[in-house]
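As a plain string of letters, each chain reads:
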Amino acid sequence: MKIIIMGCGRVGARLASLLDEDGHEVIVLDNDTYSFRRLPASFGGTALYGNGIDEEALKKAGIEDADMFVALTQGDNRNVMACQICKHIFEVPRVMCRIYDPLREEMYSALGLETLSPTKIFAQLLREKVGESPEKKAPGKKGGKK
Amino acid sequence: MYIIVIGGGRLGYYLLKALLNEGHEVLVLEKDARICKTITEELGSVCFRGDGCEAATLAEVGTGRADMLVAVTGDDEDNLVACQVAKHKHNVPRTIARLRNPQNAALFKKLGVDVTISATDIILEAIEREVPTHPATELLSLEEKDLVIVDVKISPESTTVGKAVKELTLPKGSKLALIIPAEGSARAPAPATVLQAGDQIIAVTTPETKEALQAALRGI
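Sequences listed follow chains A and B, in order. Here the first sequence is numbered in numbering that gives the first Met the number 0, starting from 0 and rising by one per residue. Here the second sequence is numbered in numbering that gives the first Met the number 0, starting from 0 and rising by one per residue.
Possibly wrong hints are sitting among the right ones.
DSBU-like cross-link-like pairs, simulated, lysine-lysine; straight-line CA separation at most 30 Å [what the hints assert, rightly or not]:
id: 1; chain 1: A; residue 1: Lys86; chain 2: B; residue 2: Lys86
id: 2; chain 1: B; residue 1: Lys162; chain 2: A; residue 2: Lys58
id: 3; chain 1: B; residue 1: Lys165; chain 2: A; residue 2: Lys86
id: 4; chain 1: B; residue 1: Lys88; chain 2: A; residue 2: Lys1
id: 5; chain 1: B; residue 1: Lys30; chain 2: A; residue 2: Lys59
id: 6; chain 1: A; residue 1: Lys58; chain 2: B; residue 2: Lys109
id: 7; chain 1: B; residue 1: Lys30; chain 2: A; residue 2: Lys1
id: 8; chain 1: A; residue 1: Lys86; chain 2: B; residue 2: Lys88
id: 9; chain 1: A; residue 1: Lys119; chain 2: A; residue 2: Lys86
id: 10; chain 1: B; residue 1: Lys88; chain 2: B; residue 2: Lys36
id: 11; chain 1: B; residue 1: Lys36; chain 2: B; residue 2: Lys109
id: 12; chain 1: B; residue 1: Lys16; chain 2: B; residue 2: Lys165
id: 13; chain 1: A; residue 1: Lys59; chain 2: B; residue 2: Lys88
id: 14; chain 1: B; residue 1: Lys36; chain 2: A; residue 2: Lys86
id: 15; chain 1: A; residue 1: Lys119; chain 2: B; residue 2: Lys174
id: 16; chain 1: B; residue 1: Lys16; chain 2: A; residue 2: Lys119
id: 17; chain 1: B; residue 1: Lys36; chain 2: A; residue 2: Lys119
id: 18; chain 1: A; residue 1: Lys86; chain 2: B; residue 2: Lys174
id: 19; chain 1: B; residue 1: Lys86; chain 2: B; residue 2: Lys174
Hints are computed from structural coordinates only; laboratory data are not their basis.
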């Protein structure tokens with residue numbers, strides 16, 4: 000698959016290298032070339048300087064025949080806008096959008112975007128951890144389960 | 000009318016002032032505490048500190064009863080999201096977004112923003128209008144009706160000089176509204192009105208037939 004990732008932060012860079020290892024054609028887009036230092040030396044994909052909310056930059060990255068687009072910048076609004084460009088203008092088959100703000104995430108999910116809120120997912124994960132009995136750590140001690 | 004303005008920058012500030020003068024109920028949403036304080040000190044409690052892209056903030060300021068939301072921050076993505084949240088979460092009937100990148104106009108329309116305004120386009124048009132040889136400029140765009148009002152100049156080279164209005168073949172949906180001669184006062188065009196070099200013609204047309212109308216009027 001040809002996958003374009005917008006935002007080469009910690010998550011973006013890691014995802015890029017994992018997908019590259021899986022044999023996908025990966026293009027990472029960032030408007031700060033310094034971010035590309037996060038990519039491992041073994042990364043075989045393309046790192047491209049450009050702004051993902053600019054149609055020209057997306058075209059340069061090859062959006063027109065991409066199978067998937069993932070938006071992972073720090074800005075919820077940038078992610079949302081880039082994803083909507085990819086979905087509605089370039090008709091990319093699959094578009095995934097990271098949105099930190101749970102309320103905004105729900106709204107755009109209702110509007111038909113495939114959205115992920117790390118805030119929600121991580122909070123839920125921690126809640127489940129809290130609910131688990133801490134058997135391994137402190138045997139015999141009280142706590143954990145209610 | 001209750002109007003919510005997103006962004007208290009220079010544009011937001013003057014817009015707020017103008018709308019208040021017209022007697023509207025206006026509220027500016029601004030993230031920066033300092034800007035908020037300045038506006039409040041100067042104009043009273045018409046500035047609310049918060050993120051205009053957050054549904055919760057918009058709920059707090061009663062966006063549900065707003066007649067209009069105008070997003071004029073410096074970032075297109077923020078303006079887009081503010082308008083979309085207002086539309087989809089709070090059913091605001093009319094949303095207006097400022098554009099930094101004129102290319103985004105089509106996308107914003109597609110995503111439900113009612114009106115987009117690009118300062119870049121407006122400045123370009125204004126400058127073009129000042130270029131004497133520029134044949135046609137768009138004066139106004141009536142987006143809901145899908146019409147534009149244009150100003151076409153008849154130059155001495157135009158083959159239509161000396162022709163009467165009824166001899167012209169105008170594209171469908173185009174209407175001549177006014178003829179402003181180089182000298183003398185403006186007049187409404189009659190079928191027998193003869194075009195002169197130096198005439199300025201104000202006409203109504205659609206964005207698609209703009210070029211065709213210009214060609215028909217100038218005959219070049």
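Status of the hints after comparison with the structure:
no.: 1; hint: Lys86/A to Lys86/B; in the structure: holds, 19 Å
no.: 2; hint: Lys162/B to Lys58/A; in the structure: violated, 48 Å
no.: 3; hint: Lys165/B to Lys86/A; in the structure: violated, 48 Å
no.: 4; hint: Lys88/B to Lys1/A; in the structure: violated, 35 Å
no.: 5; hint: Lys30/B to Lys59/A; in the structure: violated, 34 Å
no.: 6; hint: Lys58/A to Lys109/B; in the structure: holds, 19 Å
no.: 7; hint: Lys30/B to Lys1/A; in the structure: violated, 38 Å
no.: 8; hint: Lys86/A to Lys88/B; in the structure: holds, 21 Å
no.: 9; hint: Lys119/A to Lys86/A; in the structure: holds, 24 Å
no.: 10; hint: Lys88/B to Lys36/B; in the structure: holds, 28 Å
no.: 11; hint: Lys36/B to Lys109/B; in the structure: violated, 36 Å
no.: 12; hint: Lys16/B to Lys165/B; in the structure: violated, 48 Å
no.: 13; hint: Lys59/A to Lys88/B; in the structure: violated, 35 Å
no.: 14; hint: Lys36/B to Lys86/A; in the structure: violated, 40 Å
no.: 15; hint: Lys119/A to Lys174/B; in the structure: violated, 57 Å
no.: 16; hint: Lys16/B to Lys119/A; in the structure: violated, 40 Å
no.: 17; hint: Lys36/B to Lys119/A; in the structure: violated, 33 Å
no.: 18; hint: Lys86/A to Lys174/B; in the structure: violated, 39 Å
no.: 19; hint: Lys86/B to Lys174/B; in the structure: violated, 35 Å
The structure shown violates the earlier hints numbered 2, 3, 4, 5, 7, 11, 12, 13, 14, 15, 16, 17, 18, 19.
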